[in-house]
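Enquirer: Sequence:
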Amino acid sequence: MRNTYANWSRRMQDSLKIDSIAKKVSPEGAQMVRDSIKTASKLK
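Note that numbering that gives the first Met the number 0 has the sequence shown beginning at 0, numbered continuously upward.
Incorrect hints may have been included.
Here are the simulated DSS-like cross-link-like pairs (lysine-lysine), alpha carbons at most 30 Å apart as the crow flies [stated by the list, open to error]:
no., residue 1, residue 2
1, K23, K37
2, K41, K23
3, K22, K37
Computed spacing ranges between beta-carbons, pair by pair [as the list claims (entries may be wrong)]:
no., residue 1, residue 2, range
4, T38, N2, 47 to 55 Å
5, Y4, K37, 49 to 57 Å
6, K37, N2, 38 to 46 Å
7, N6, A39, 45 to 53 Å
8, D13, T38, 30 to 38 Å
Think of the hints as simulated: they come from the structure by calculation, not from any bench.
Glycine included, each C-beta is placed from N, C-alpha and C at the ideal position.
Make the full structure from the sequences, and use the hints.
Expert: See the structure below:
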């Protein structure tokens, strides 16, 4: 029983870390795309 809880707890912590990273990186990636489009439009 204890081992099962430990495995579940570890998976939940990993999932929360991944979710947190995704929430942080997603807006940064969107900003990079907007900046790239803005730069590309200035080159024409």
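Enquirer: Next, verify each hint and record whether it holds.
Expert: Outcome of the hint check:
With a CA separation close to 22 Å, the supplied pair K23 and K37 stays within the 30 Å bound. For the hint pairing K41 with K23, the CA-to-CA distance comes to about 28 Å; that is within 30 Å, so the pair holds. With a CA separation close to 24 Å, the supplied pair K22 and K37 stays within the 30 Å bound. For T38 and N2, the hinted distance range of 47 to 55 Å is satisfied, since their beta carbons lie about 53 Å from each other.
The given range of 49 to 57 Å is respected by Y4 and K37, whose C-beta atoms sit roughly 50 Å from each other. Remark: the range hint 38 to 46 Å for K37 to N2 is contradicted by a beta-carbon distance near 53 Å. Distance hint check: the CB atoms of N6 and A39 are about 48 Å apart, consistent with the given range 45 to 53 Å. At about 37 Å, the beta-carbon gap between D13 and T38 stays in the expected band of 30 to 38 Å.
The structure fails hint 6 only (numbered hints given earlier).
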